[in-house]
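These are the residues of each chain, in order.
2 protein chains.
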Amino acid sequence: MLMARLITIALGGNALLQYGQKGTFEEQLANARRTSRQLVELLRRGYRLVITHGNGPQVGAILLQQEAATDQVPPMPLHACGAMSQGLIGYMIQQSMINELKRAEMDVPVATVVTQVLVDREDPAFQNPTKFIGPWYPEEEAKRKEEQGWVMKYDVGKGWRRVVPSPDPIGQVEIEAIRRMVEAGIVVIASGGGGIPVIDDGEYEGVDAVIDKDLAGERLATSLDSDLYMILTDVEKVAINFKKPNQRFLDVLTLEEAREYYEEGHFPPGNMGPKVKAAMRFVERTGREAIITSLDKIIEALEGKTGTRIVPK
Amino acid sequence: MLMARLITIALGGNALLQYGQKGTFEEQLANARRTSRQLVELLRRGYRLVITHGNGPQVGAILLQQEAATDQVPPMPLHACGAMSQGLIGYMIQQSMINELKRAEMDVPVATVVTQVLVDREDPAFQNPTKFIGPWYPEEEAKRKEEQGWVMKYDVGKGWRRVVPSPDPIGQVEIEAIRRMVEAGIVVIASGGGGIPVIDDGEYEGVDAVIDKDLAGERLATSLDSDLYMILTDVEKVAINFKKPNQRFLDVLTLEEAREYYEEGHFPPGNMGPKVKAAMRFVERTGREAIITSLDKIIEALEGKTGTRIVPK
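If you read the sequences in order, they're chains E and S.
Counting from 0, one number per residue, gives the positions in the first sequence under numbering that gives the first Met the number 0.
Counting from 0, one number per residue, gives the positions in the second sequence under numbering that gives the first Met the number 0.
Here chain E stands alone, though its shape is the one from the complex (with noise of 0.2 angstroms):
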């Protein structure tokens, strides 16, 4: 049987949580449903999807709300934290295109997967953490929160922060269940917010660190032989000399063009660095094409009129 071509896509922090946005449940759930249209139009051409998204401001809430009620309730684990997120993210998504398939009369099943991914304990990365995450204290419960365990780094001008290591995705730990899922023509959202982190110590354990969710995504579409990788964020294109006056937008980059401009710190690593790292990674890995765009250029960037493609050659 000739399957339809299946593309994953990693939603950008936008697809739920817009600039200058409170992030209440209303503004996320029709950031959603705004995001969603534009995935229900992809299965209406005949793609099959896997949907992976980011968790930045909502596993920031649910680390402040922890915090917030220590003496009512024992806090969760960052990690923990992490599958609340994907509970919440996931309802969202899910339930924004159940609806927009509802209204194409399109009957397409949805569903989230709570999903780990591994990491290395030996990463380097848990030897150096750079990753801010959570509420900033005042000094003296910084110097606390060291004392039970937390690494705290000084964020210039705003106050004391946790970091947390940032280390390398290995892999999806419920893969062989959303290779099944997507096999039985289920629209999969999975390892969201990059996954919960765990380590294998000869049992899955979670760990408190963060995953770049376009890197685990790369490790989700690779894993399910993905025909293209779509990764999606605030930007039509991806710029070389970015905000100089030489900036210069980029339809297409082969991979060896691509990792010219990486190593010449054309991609800053909070930002553009890992997204294009993603691509890059991808492309090798499979031969196929990987694809960065804004949220609201799916189709015209499928459609070859915008976005920047990362091809092999």
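Treat the hints as calculated values from the structure; they're not laboratory data.
Keep in mind that the hints are not guaranteed to be accurate.
Heads up, the list lumps identical chains together, so a pair's fine if it works in one copy or across two of them.
Straight-line Cα separation of at most 20 angstroms, DMTMM-like style, residue types lysine to aspartate or glutamate; simulated pairs [to be verified]:
1. Lys276 x Glu259
2. Lys21 x Glu140
3. Lys142 x Glu25
4. Lys142 x Glu288
5. Lys236 x Glu104
6. Lys276 x Glu138
7. Lys236 x Asp200
8. Lys236 x Glu263
9. Lys157 x Asp70
10. Lys304 x Glu255
11. Lys101 x Asp119
12. Lys101 x Glu139
13. Lys101 x Glu175
Here the structure is a predicted model, which is why all the values come from computation and not from measurement.
Since the structure of chain E is already known, use the hints to place chain S on it.
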């Protein structure tokens, strides 16, 4: 192909939290682990499994945390908190199951699905909210909450507390995805905490309510054409004249006997009532058996050595 017998299992609160525990992540994970050992034994014996579970203490904690941080981040509504609890509890059970399967050298995929459960907006429960939820408030704050639209009731000796409706479940919105997953050999964890309650107003929309997890479990068990519905709790058998001198534990109950005892008020509404009702519904709708027993007697009950069997006649 002859498929292995499918059991839908509803786990009681004691599968994750035991009396007197505070509810730390470590406590809950250790309990989930103990529970998973039993469930893996069922898989080893060749059964297929669908697992559902309660979320009382967990969603209670999440609600408290929402309240405690309202001045910092927007609180999520109750139904969204239910989604978070599905992520959290699904993660704990799923990880425990995967670890136990690994130890048993068995290769069975396990996946938690975020699940919405449809309720009727005309359900009389919406006119008469009865289910206490979340923290207790002093009278003044309770009044403010009422002005915001919450229904508050006085919980004798403890203070004012929010009450929400407990409507009857119609079915799982994601049932088709779950069915395909079960057919694909995946152990599915679904409909956690009775499911995220949604109404169908042309579109699915979350509502603040609490669905009984055993009644929602019946919808799952029946829709999936399960061979058996097992409801696990903290007592080995159902009793009539419970805690009275003439108390009698029951080994087998026909549907007719169960209905009589139920109508005579032998099963209290906050406790054994919904379990017996859920079992009766499954037996009536499928012509198959249901078993009510304790968490640690799953195997013995399946072998007919203990538990209460509810049979068609």
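Okay, the hints, checked on the actual structure:
1. Only within a single protomer do Lys276 and Glu259 lie at most 20 angstroms apart by alpha-carbon distance; the minimum there is 12 angstroms, versus 67 angstroms between protomers.
2. Within a single copy, Lys21 and Glu140 get their C-alpha atoms no closer than 26 angstroms, and across copies no closer than 24 angstroms, so neither meets the 20 angstroms cut-off.
3. In this assembly of identical chains, Lys142 and Glu25 lie within 20 angstroms of each other by CA distance neither inside one copy nor across copies; the values are 37 angstroms within and 25 angstroms between.
4. In this homomeric assembly, Lys142 and Glu288 never come within 20 angstroms of each other (Cα to Cα): the closest approach is 48 angstroms inside a single copy and 59 angstroms across copies.
5. Proximity of Lys236 and Glu104 under a CA criterion of 20 angstroms is satisfied in neither setting, with 33 angstroms inside one chain copy and 47 angstroms between copies.
6. Within a single copy, Lys276 and Glu138 get their C-alpha atoms no closer than 36 angstroms, and across copies no closer than 56 angstroms, so neither meets the 20 angstroms cut-off.
7. For a Cα distance limit of 20 angstroms, the shortest separation of Lys236 from Asp200 qualifies neither inside one copy, at 41 angstroms, nor across copies, at 39 angstroms.
8. Proximity of Lys236 and Glu263 under a CA criterion of 20 angstroms is satisfied intra-copy only: 18 angstroms inside one chain copy versus 70 angstroms between copies.
9. Taking CA atoms no more than 20 angstroms apart as the test, Lys157 paired with Asp70 passes between copies only; the shortest distance there is 18 angstroms, against 25 angstroms inside one copy.
10. Taking the shortest alpha-carbon separations for Lys304 and Glu255, neither the intra-copy value of 23 angstroms nor the inter-copy value of 68 angstroms comes in at or below 20 angstroms.
11. Taking the closest pair of Cα atoms, Lys101 and Asp119 come within 20 angstroms of each other only across two copies (18 angstroms); inside a single copy the shortest separation is 42 angstroms, beyond that limit.
12. Taking the closest pair of Cα atoms, Lys101 and Glu139 never come within 20 angstroms of each other, the shortest separation being 54 angstroms inside a single copy and 44 angstroms across copies.
13. For the identical chains of this complex, Lys101 and Glu175 are inter-copy neighbours only, at 14 angstroms across copies versus 28 angstroms inside a copy, given an alpha-carbon limit of 20 angstroms.
Hint compliance for this structure: hints 2, 3, 4, 5, 6, 7, 10, 12 are not met, and every other hint is.
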